[in-house]
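Mind docking chain B on chain A? Use the hints.
Chain by chain, the residues:
There are 2 protein chains.
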Amino acid sequence: MTDISGYIEAHLDESLTRLGEYVGLPSVSAQRQAIPETAAFVKSLLEAAGATAEVLEKEPPGHPVVVGELPGASPYTLLLYNHYDVQPAEPLELWKSDPFKMSRHGDMYFGRGISDNKAHLVSRLLAIAALRAAHAGPLPITIKFMVEGDEEIGSAKLLEFIEKHRERLAADVALGEGGGTDPAGRPLISLGVRGVLHVELRARTAASDVHSSMGNVVPNAAWRLVWALASIKDADERVLIPGFYDAVRPPTPVEEEMLRAVPPEEETQMRSLGLQDFLGGARGYEYQRRLAFAPACTIDGMGSGYQGPGSKTVIPREAVAKLDFRLVPDQRPDEIVAMLRRHLDARGFADIELEAEEGEFPARSDAAHPFVRVVRETAAAVYGLQPVVLPNSAGTQPLHPIMHTLDVPIASAGLSYYAGRAHAPNENIRTGDFVLGTKHVAAIIEALPPAG
Amino acid sequence: MTDISGYIEAHLDESLTRLGEYVGLPSVSAQRQAIPETAAFVKSLLEAAGATAEVLEKEPPGHPVVVGELPGASPYTLLLYNHYDVQPAEPLELWKSDPFKMSRHGDMYFGRGISDNKAHLVSRLLAIAALRAAHAGPLPITIKFMVEGDEEIGSAKLLEFIEKHRERLAADVALGEGGGTDPAGRPLISLGVRGVLHVELRARTAASDVHSSMGNVVPNAAWRLVWALASIKDADERVLIPGFYDAVRPPTPVEEEMLRAVPPEEETQMRSLGLQDFLGGARGYEYQRRLAFAPACTIDGMGSGYQGPGSKTVIPREAVAKLDFRLVPDQRPDEIVAMLRRHLDARGFADIELEAEEGEFPARSDAAHPFVRVVRETAAAVYGLQPVVLPNSAGTQPLHPIMHTLDVPIASAGLSYYAGRAHAPNENIRTGDFVLGTKHVAAIIEALPPAG
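These protein sequences, in sequence, are chains A and B.
Sequential numbering from 41 applies to the first sequence in this note's numbering.
Sequential numbering from 41 applies to the second sequence in this note's numbering.
Among these hints, one or two may not hold up.
Where chains are identical, the list cannot tell them apart; a pair therefore holds if satisfied intra-copy or between any two copies.
[Stated by the list, open to error] Only pairs whose alpha carbons sit at most 25 Å apart, straight line, appear in this in silico SDA-like list of lysine to any residue: (1) Lys352 to Arg244; (2) Lys352 to Pro369; (3) Lys352 to Ala129; (4) Lys141 to Pro349; (5) Lys141 to Ala50; (6) Lys352 to Glu277; (7) Lys352 to Arg372; (8) Lys98 to Glu192.
Bear in mind the hints are in silico, worked out from the structure with no lab data behind them.
The following block holds chain A by itself, in its conformation from the complex (with noise of 0.2 Å):
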């Protein structure tokens, strides 16, 4: 690997100044802002990298995706799946520097998306930038690329896009979106995601707000909202939307047994987000039982009558509520949405509006596939400390189109760390995080196709 590592230090100024240039593209999905730059930008990335590359639609209200091909001497497929769409940086205020312009703090670069997850694709490039210049001709095996634009709003229209372009995207493993470390430094692999609904609750009452003095005539939307609400879920987090639990997988044996080997990091977590406890103070396997084999209900904003300083004497006529559940296999957020309607009519807000997304379905590898040996071996030796593999992350990712319809296992590699604040004001990534992400991703693509 001496070589390739060499590549990769010598040209890591080159690449983070290529990273720089991505960062300085605002494609916040939420907002439609830059996508078609930042495609085109995309593109350009992969070509540079000697791969052939196309922006095609996706089908409406998707944004498009670049799709790119760097040809191997084997039809053996490896296909990288990121996003180059990014979060809103709100709230500005808290930025220390401009989102979409990367600054550099000692080994430290900030900016929106910077993590999440523009700096994976710009590694991922420089590992294939460097085992290019280490193998005289083609690579051993064909790399194939997705990059889409719609990640952080819930990927619409990707299970349709790869549908119809199923043959151009088949391939034997993928890697996702990105990967990375534990507080500890260890490697962490993922073999799955939870999936995702987001949903928009909301309440109207009168034609405008009301004089507050009339407070016990007039019905309040706040008000409905939030006994809307608690009646979704309880102060102990139970979810109260009758079935909700009922299509949650639970683990196998070995899955429970990788979670169990999960070294505790609850108490940097706690530190890091500064909080008291975790809820129901869940630690060890409870801790990572909770977030990778049980779905949550989270309220992500809401909304209603008058926010400004001081107060105002007003009986609100409108308040919204985003809320987003993370699914685990085997529940559906098709279903979810369903029972939700039927939990509010039953239980009397037949009057709050409900609008959903279509959702993410939760995807997870088969532990025992021979390719997540070799994710797991390759980060060994890479980053000198066993790897902590997971049957699936917290998170979600469109794994599940990926996956289900072109047939692979997928794993996680790459650059992201605990503090890495993906979502959150001041995204940063380190510069060593990311030259052992692009080392392990090089050494994955020369160990495939694996031996055996």
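Positioned in the frame of chain A, the structure of chain B alone reads:
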């Protein structure tokens, strides 16, 4: 009354010119605008009416109070309470004319604060001028004035002011800041007010927003606030704070009778507010009972996390709700704050921060006081319609410190009407209401002290 009526009609234009100058002073107390100029202008108005007048300081943060006296043949005293401050004019774009330049369209005059409360003072001074012209010497009774500058922001330090100047303000009876007519043109007389208490509830959890994939291990400020709010009032509109209703004074038979006599207005109100129904389908006496004799608990506004377009997967670190409680005799704002804090602690919400303003006490005059008869009978005579009398109105004015420190009954009389848009854009009065309201005040003064 011919002379007096004739004087009022003959001097109407002059009075409205004076009102235009008064409206031109943008005395927005919330923004501390034009306060000293307006106090000085009010002093000049009182002096022009023949009264002695002085601008007296309130304790900080209170604005100055204009106090005046017009000695009469007898020491029997009527106190007139008014305020010279006005609500902010925002949203400016909804005004059809400059809010601080009085404008006329037909028989309507527009301007911020014209109805609440500037025209009421000008009208009362016109009534007094008419009476002075009709009487050779001094008026039969003494008139005192108290015109404050903090009514729209909670009348800070008014109690302390009245206590300090108790002798100077001593009176037998008082008129509140205004009064007016209902949609059918019937004079509406109110003998008191509900109190108000503003509180802000705040939940804080992590040091920053956290990715929602940790939604079932990381505490969520929005959920904490929702559960705390739902613990305060249930979906049947019952306030769940222990002791909340204990001090609610039941109506006397006379008060109940007054409310039963209020002509129905609910259907008109419902249409005007665009409502399907009032809470609990309240109609008739039940509707009036809720507004006069029952307390209310209103969410005026709330906010947490992401409220922009689309979705964002965050666990909010902070959530805020603004509430107001409308209080009835003998509820006390200070006691309600203490009960709310105890309730939150007892229900497991010690983490919810509670910030409360001082609040205003409810106040209700004795319906059997002879002064009430005077106000009713003169109203019937001037308007030619039986008045509607409310033991107390649904809204809040600082009547408690006047009523209880000076030991006087207080009634309303004035020129407001149902579409006067107090606190809203295009606030207005009608000339006919101004004339009738002025005649009513003159008739009240003429009828004092009550016979027998």
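Hint by hint, here is what the structure shows:
1. Proximity of lysine 352 to arginine 244 under the C-alpha cut-off of 25 Å is found in both arrangements, the shortest distances being 19 Å within a copy and 23 Å between copies.
2. For the identical chains of this complex, lysine 352 and proline 369 are inter-copy neighbours only, at 23 Å across copies versus 46 Å inside a copy, given an alpha-carbon limit of 25 Å.
3. Proximity of lysine 352 and alanine 129 under a CA criterion of 25 Å is satisfied inter-copy only: 10 Å between copies versus 30 Å inside one chain copy.
4. When the C-alpha separation of lysine 141 and proline 349 is checked against a cutoff of 25 Å, the pair qualifies only between copies, where the shortest distance is 23 Å, while the shortest distance within a copy is 32 Å.
5. With identical chains, the CA atoms of lysine 141 and alanine 50 are at most 25 Å apart within one copy only, with a shortest distance of 24 Å there and 72 Å across copies.
6. In this homomeric assembly, lysine 352 and glutamate 277 come within 25 Å of each other (Cα to Cα) only across copies, at 21 Å, whereas the closest approach inside a single copy is 32 Å.
7. Taking the shortest alpha-carbon separations for lysine 352 and arginine 372, only the inter-copy value of 20 Å comes in at or below 25 Å, while the best intra-copy value is 42 Å.
8. In the homo-oligomer, the alpha carbons of lysine 98 and glutamate 192 lie at most 25 Å apart inside one protomer (16 Å), although the nearest pairing across protomers, at 56 Å, exceeds that limit.
Checked against the numbered hints above, the structure violates none of them.
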